[in-house]
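J.: If you read the sequences in order, they're chains A and B. Numbered according to our numbering, the first sequence spans residues 19 to 84. Numbered according to our numbering, the second sequence spans residues 1210 to 1370.
Hints are not guaranteed to be accurate.
[As the list claims (entries may be wrong)] Once the Cα atoms are required to be at most 25 Å apart in a straight line, the calculated SDA-like pairs of lysine to any residue come out as:
{"hint": "1", "chain 1": "A", "residue 1": "K44", "chain 2": "B", "residue 2": "G1216"}
{"hint": "2", "chain 1": "A", "residue 1": "K27", "chain 2": "B", "residue 2": "V1344"}
{"hint": "3", "chain 1": "B", "residue 1": "K1330", "chain 2": "B", "residue 2": "A1357"}
{"hint": "4", "chain 1": "A", "residue 1": "K32", "chain 2": "B", "residue 2": "P1230"}
No lab work stands behind these hints: they were computed from the structure.
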Amino acid sequence: MSGMNLTLKIWRQKNNGANGHFENYKVQADEHMSFLEMLDVLALAPWSSMDGLTEVRQVLLPVSYT
Amino acid sequence: MRAFKDGDTITIEPFRAKAFPVIKDLAVDRSAFDSIIQAGGYISVNTGQAMDGNAIPVDKADADEAFDSATCIGCGACVAACPNGSAMLFTSAKINHLNKLPQGKVEHSRRVKNMVKVMDKEGFGKCSNVGACEVECPKEISTDNIAALNRYYLGTVFGGQ
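With the sequences and hints as input, model every part of the structure.
T.: Now the structure itself:
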């Protein structure tokens, strides 16, 4: 198990009419996880403020990373 | 997650396209794809007993091409990847998997005209042969489908096919 500390910049937008913005989240992930498992870790973490993850998981995620 | 390393920043954002309005956070409304399918992504057949599987011979090459096109899952990645927000890859795959087969040729012209018309009406952009759609497609749908659709469309509109 090799852990990594990642920063996620996730788009948050209340509804179609609202202005969206990126929010930063910190997550500790393992290289053997799938991408969705990593998001589960983020959602289940007691310190997480990542509400509404169900919707996040229901869409195919376009991912770019720096 | 093996593609990432410690300290990386991952940006996660919704599909960006005029025809895919954001519903909430990362969820987008892809019902524009449903409208395209409803405009002709089917064949009309009389119901009744299923006909014999070999009653209509189909070339192996045609069957393979039709099957490749039919693997499109309609995810919308092609539209999101396209700088023009074009749905040509999706629409052409849906048209070609029917037009390649004898059962689909009957409604060929009507299908091509109607599906392209609805695609334009839904606000998708025009294809300018960038090729980003093919690169991002999880099912590896080829841009050959777009070339075939352009041929079909020109033949239908100007050639009276």
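J.: Decide, hint by hint, whether the structure agrees.
T.: Structure-based check of all given hints:
The straight-line distance between the Cα atoms of K44(A) and G1216(B) is roughly 10 Å, inside the 25 Å bound, and the hint therefore holds. A C-alpha spacing of about 24 Å is found between K27(A) and V1344(B), which places the hinted pair at or below 25 Å, so the restraint holds. A distance of roughly 21 Å separates the Cα atoms of K1330(B) and A1357(B); the hinted pair therefore holds under the 25 Å criterion. With a CA separation close to 13 Å, the supplied pair K32(A) and P1230(B) stays within the 25 Å bound.
Taken one by one, the earlier hints all hold for this structure without exception.
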